[in-house]
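Colleague: Sequential numbering of the sequence shown, starting at 132, is according to this note's numbering.
Simulated from the structure, these hints should not be mistaken for lab results.
Be aware that one or more of the hints could be misleading.
[To be verified] Under the rule of at most 20 angstroms between Cα atoms (straight-line distance), these lysine to any residue pairs were calculated in the SDA-like manner:
(1) Lys143 with Leu179
(2) Lys495 with Thr210
(3) Lys142 with Ser178
(4) Lys134 with Phe170
Since this is a predicted model, take the numbers as computed values, not measurements.
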Amino acid sequence: MKKELLDVFLKKLQGGIRVVYWDNEERTYNNNPKITIRFLKEPPLISLDDPLLTLGDLYIEEYFDIEGTIEDLMELLETNKNIFRPQKKNTFMTTLNTTLGIGKSKEKDMKNIQKHYDLGNDFFSLWLDSSMCYSCAYFKTPTDSLEQAQRNKISHSLKKLNLQKGEKLLDIGCGWGELLFEAATKYGVYVTGITLSQEQFSHIKEQIELRNLFEKVEVRLESYEELDPKKDLFDKIISIGMFEHVGQKRIPGFMKKTSSVLKRSGIFMLHTITGLEEGGQHSWMNKHIFPGGYIPTVREIINILPDYDFRVLHVESLRRHYARTLEYWSKNYETHKDEIEKKFGRTFLRMWDIYLKGCAASFKLGFIDIHQFTLSLGINNDYPETFEFLYKD
132 MKKELLDVFL KKLQGGIRVV YWDNEERTYN NNPKITIRFL KEPPLISLDD PLLTLGDLYI
192 EEYFDIEGTI EDLMELLETN KNIFRPQKKN TFMTTLNTTL GIGKSKEKDM KNIQKHYDLG
252 NDFFSLWLDS SMCYSCAYFK TPTDSLEQAQ RNKISHSLKK LNLQKGEKLL DIGCGWGELL
312 FEAATKYGVY VTGITLSQEQ FSHIKEQIEL RNLFEKVEVR LESYEELDPK KDLFDKIISI
372 GMFEHVGQKR IPGFMKKTSS VLKRSGIFML HTITGLEEGG QHSWMNKHIF PGGYIPTVRE
432 IINILPDYDF RVLHVESLRR HYARTLEYWS KNYETHKDEI EKKFGRTFLR MWDIYLKGCA
492 ASFKLGFIDI HQFTLSLGIN NDYPETFEFL YKD
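Modelling step: build the complete structure from the supplied sequences, incorporating the hints.
Modeller: Written as structure tokens, this is what we have:
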């Protein structure tokens, strides 16, 4: 019954695939298969109401291995996005997407964030660079190391804010804080970072003390929703890799809150992964990697900006940079796989391995993108009229 169910499903696919079943029977579906699924053992009773969730779970639980390139696998999934979609739900094209329900709370947000980011600083330090930047790097030359590219990203992002000494900067979703320290020391601004990750919060507090930046850097364990316009008013705002956690239903609230704590003519730089189609759900990613995550489209972001008087100054795609970043992370992860398996188990090892490799391929093939939006609140006639300043050292 399990084999027949899989057989019916696989016959629907466009593009070749070879399957070696648990009883060693081989079947080829369509011509010129680039991917082979090799079952290592017979799976339990399965449902294919949500094929990606079911097959993804079978893979990480080591019921089968995949032979072929990750790019070919992602191409196969994308070509057959309508077949792999959950019943009565949306497509694979918005990889990583999950549409949120109504009524998310700070407690739910914190639980979602901490499930991912509080796996332990020791875990992330195994495959991130020394800056602990867990977002797209910026490769100025083909020979840049990951660490250099992450420092490039911080510099490139801060330049877009046109920071002036003495200004107040807010970093929404500040990660492990390297951007906070760079902004304070290089530009002489006063920086506030907010995060919902206890691990990140503790790390930044420790670094503030070690670097003696008490007067320049503040970190808070709080949600952007807790920002108070009566007390919190900033000249510039930056948010890198956090917007994906907001959720589709709460994008208007995020924009409203951001506009309420930014001074008129202030600059907001929003750095976020973007999809190609609105809506969508990827239940495997939602279950295992990014609970509560949603990837917006460029159209969704641009369309909502006028409602809060945000004006677009500059938009830049960093898609190829993120593909390279993820390839670096994946290689680093592979180097430490024995240590990771010992601490977290083999299912966790395979889960994060396919996540990093799959994301790298998705960015490389253009199934998802990443953009930096530089915005002003209302008119800003003091921002540079050309963008040569971004590329001067």
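Colleague: Each hint needs a verdict: does it hold in this structure or not?
Modeller: Now for the hints, and whether the structure bears them out:
no.	hint	in the structure
1	Lys143 with Leu179	13 angstroms, holds
2	Lys495 with Thr210	16 angstroms, holds
3	Lys142 with Ser178	16 angstroms, holds
4	Lys134 with Phe170	11 angstroms, holds
Taken one by one, the earlier hints all hold for this structure without exception.
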